[in-house]
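**Q** Modelling step: build the complete structure from the supplied sequences, incorporating the hints.
Residue numbers (the numbering used here), protein chains in the order written: chain W, 13 to 206; chain V, 13 to 206.
Keep in mind that the hints were calculated from the coordinates and are not lab data.
A few of these clues could be false.
One copy or two, it doesn't matter: identical chains are merged, so the pair holds either way.
[What the hints assert, rightly or not] With a straight-line cut-off of 30 angstroms between C-alpha atoms, the simulated DSSO-like cross-links for lysine-lysine are:
id	residue 1	residue 2
1	K22	K197
2	K93	K107
3	K52	K197
4	K17	K107
5	K158	K33
6	K153	K33
7	K113	K59
8	K158	K22
9	K33	K17
10	K52	K17
11	K113	K93
Number of protein chains: 2
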Amino acid sequence: MESLKQRVLKDGRILDGNILKVDSFINHQIDPRLAFDIGKEFYNRFKNAEIDKILTIETSGIAFAVCAGYHFNVPVVFAKKRAGLNMSSEVYQSKVYSYTKQTCYTISVSRQFLSPGENLLIIDDFLANGQAVSGMIDIAKQAGAKIAGAGIVIEKSFQPGGEILRSLGIRVESLVIIDSLKNNKIIIREALEK
Amino acid sequence: MESLKQRVLKDGRILDGNILKVDSFINHQIDPRLAFDIGKEFYNRFKNAEIDKILTIETSGIAFAVCAGYHFNVPVVFAKKRAGLNMSSEVYQSKVYSYTKQTCYTISVSRQFLSPGENLLIIDDFLANGQAVSGMIDIAKQAGAKIAGAGIVIEKSFQPGGEILRSLGIRVESLVIIDSLKNNKIIIREALEK
Chain W
13 MESLKQRVLK
23 DGRILDGNIL
33 KVDSFINHQI
43 DPRLAFDIGK
53 EFYNRFKNAE
63 IDKILTIETS
73 GIAFAVCAGY
83 HFNVPVVFAK
93 KRAGLNMSSE
103 VYQSKVYSYT
113 KQTCYTISVS
123 RQFLSPGENL
133 LIIDDFLANG
143 QAVSGMIDIA
153 KQAGAKIAGA
163 GIVIEKSFQP
173 GGEILRSLGI
183 RVESLVIIDS
193 LKNNKIIIRE
203 ALEK
Chain V
13 MESLKQRVLK
23 DGRILDGNIL
33 KVDSFINHQI
43 DPRLAFDIGK
53 EFYNRFKNAE
63 IDKILTIETS
73 GIAFAVCAGY
83 HFNVPVVFAK
93 KRAGLNMSSE
103 VYQSKVYSYT
113 KQTCYTISVS
123 RQFLSPGENL
133 LIIDDFLANG
143 QAVSGMIDIA
153 KQAGAKIAGA
163 GIVIEKSFQP
173 GGEILRSLGI
183 RVESLVIIDS
193 LKNNKIIIRE
203 ALEK
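**A** Have a look at this one:
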């Protein structure tokens, strides 16, 4: 996705070696027109996949999931990161390890919002170690739902998440793939023409 | 906003006397087409207010803020609920009391995303006691920004938030105002024709 690629090159900042900071347009401040185009690109890539519902995770997946959901015209469900007061009889839960925060947290989705046989598109802003997406896949499986694939805004190919998910047979569509952040330079994989 | 009103009456559920559960289309599962229409309605109400930026708060304000931001074509900034590792030299912070969880939490916004003189529209999904919106107003004031008003998806008029904000001179535009949830019945205020 060329407009996103150019934006990452223009406004992305590299911190501490392999952290890409995109908080000026992705995950603290959001550019809504870009988010809408990102949603449309996810639609273009998965429009033949008969998506019933989009599953994402709070916080920064929501904007892109809602914009995708607009184009698909399907409901968007976001997994919550706080266990809250819900009982496990009411929610599906999965444990997710955060490498950034070096701690485990529980994500949950109300059982009423996922149904057996539903075809889910998972959306998230970043794919690095794949923990959040794996947690959503776990929850989808508990619900008996199918997974059409994962739409990712930015994938870091030098971390193992993409490989792990693809080796599980998950169709992963990343709009921008970062191959390296070495030497304070953002190297983005050239997209194959489709 | 008639479509929203009908949806609240159809899918809203009353819990424990004065909690309105709208998690099937507002704050756990989201209807993206409705969210887009809500964003458009905020635009219609504030389009002459020369909005520079939208300020909301994670999690459930984000969808509606992004949809509004699409129509205004301005950036959306969401306040974060975790203090994280940021130093106060980098962020504006405010304390917010949650009546639901009976605890105080800190919200923060990076200083780089709010500027003196900017005209902000605050967006949130619910207005009950007004704590979250008041925290955002506090942060906007620290940044020297102006507040054009607050766009609220659902206001509960029997809790004091709306009155508090209006008495401060804040223009509050609530798309649906709930006057009562007594006797397990949702009473929505009739909108004045504009």
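**Q** Would you pick out the hints that fail for this structure and give their numbers low to high?
**A** 4 and 7
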